Amino acid sequence: NAGVMQNPRHLVRRRGQEARLRCSPMKGHSHVYWYRQLPEEGLKFMVYLQKENIIDESGMPKERFSAEFPKEGPSILRIQQVVRGDSAAYFCASSPRRGTGSDEQFFGPGTRLTVL
Amino acid sequence: TQLLEQSPQFLSIQEGENLTVYCNSSSVFSSLQWYRQEPGEGPVLLVTVVTGGEVKKLKRLTFQFGDARKDSSLHITAAQPGDTGLYLCAGTSPTGGTSYGKLTFGQGTILTVHP
Numbered sequence: 001n002a003g004v005m006q007n008p009r010h011l012v013r014r015r016g017q018e019a020r021l022r023c024s025p026m027k028g029h030s031h032v033y034w035y036r037q038l039p040e041e042g043l044k045f046m047v048y049l050q051k052e053n054i055i056d057e058s059g060m061p062k063e064r065f066s067a068e069f070p071k072e073g074p075s076i077l078r079i080q081q082v083v084r085g086d087s088a089a090y091f092c093a094s095s096p097r098r099g100t101g102s103d104e105q106f107f108g109p110g111t112r113l114t115v116l
Numbered sequence: 001t002q003l004l005e006q007s008p009q010f011l012s013i014q015e016g017e018n019l020t021v022y023c024n025s026s027s028v029f030s031s032l033q034w035y036r037q038e039p040g041e042g043p044v045l046l047v048t049v050v051t052g053g054e055v056k057k058l059k060r061l062t063f064q065f066g067d068a069r070k071d072s073s074l075h076i077t078a079a080q081p082g083d084t085g086l087y088l089c090a091g092t093s094p095t096g097g098t099s100y101g102k103l104t105f106g107q108g109t110i111l112t113v114h115p
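Taken in sequence, the protein lines are chains L and A.
Under my numbering, the first residue of the first sequence is numbered 1, with each subsequent residue one higher.
Under my numbering, the first residue of the second sequence is numbered 1, with each subsequent residue one higher.
Careful, some of the hints might be misleading.
[What the hints assert, rightly or not] So, partial list: chain A residues that the calculated Cβ filter (under 10 Å) puts toward chain L:
1) 6
2) 31
3) 43
4) 44
5) 48
6) 101
7) 105
Hints were generated in silico from the structure; no laboratory data involved.
Remember, it's a predicted structure, so these values are computed and weren't measured experimentally.
The beta carbon of each residue, even a glycine, is placed where N, CA and C say it ideally should be.
Chain L with its partners taken away, still in its complex shape:
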């Protein structure tokens, strides 16, 4: 029973480059959440996706950030033209079904993004 997998675990980019973060949910889970943890801050919700659908992107910056969860393959969080302020740990969590209050989210190990 593999848990939530994220890769890469560490990613270094220069300002202006693109960062692609991948998340494979737990087997049987069709709901994916992305969170960001900035240094010295708590985790903040970014986006909630189901297969091929973005359900809630209220926590996503309006520009440069996008997310997808295709029918086949992992969920991707894409950051274009990265800036130093994007440096953070990005966590993916998966859930077996839509959050109904008692549904639990299981987190991956995170991707640590460093922008030089």
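Position chain A relative to chain L; hints supplied.
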């Protein structure tokens, strides 16, 4: 915007002592989850409480959900060095609206248990 205030932010105690971490909000949550996070890793789910007034025990850890489902506490009895870590509370919003399902996290409590 729902907020969760977690306290204390830092806690440094000796092995064998008891401690309590609090998580408070002015908003109602459908459920509240407690996580523990080690450096360089993702949060690991400890427990989920759903019903107002609910109490759950996990070995030396006792979790309580307030009657009004606005607050929660984590109590550790006879803390051990292995309990050292970052403890996070997170709430799930009530049904309805687009906030359905996402977690709102507290700022976290960094616990250090000295041998």
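Q. Taking 10 Å as the limit, does the beta-carbon of residue 105 of chain A come near enough to a beta-carbon in chain L?
A. holds, 4 Å
Q. Does residue 101 of chain A pass the interface check with chain L, least Cβ-Cβ distance below 10 Å?
A. holds, 3 Å
Q. Given residue 43 of chain A was flagged as interface, is its beta-carbon under 10 Å from a beta-carbon of chain L?
A. Holds: closest Cβ of chain L sits about 5 Å from residue 43 of chain A, inside 10 Å.
Q: Verify the interface restraint on residue 31 of chain A: the C-beta must sit less than 10 Å from at least one C-beta of chain L.
A: holds, 5 Å
Q) With 10 Å as the cut and Cβ atoms as the points, is residue 44 of chain A at the interface with chain L? A) holds, 7 Å
Q: Verify the interface restraint on residue 48 of chain A: the C-beta must sit less than 10 Å from at least one C-beta of chain L.
A: holds, 5 Å
Q: Answer holds if the nearest beta-carbon of chain L is closer than 10 Å to that of residue 6 of chain A; otherwise answer violated.
A: Constraint on residue 6 of chain A satisfied, holds at 8 Å.
Comparing the model with each earlier hint shows no violations; every hint is respected.
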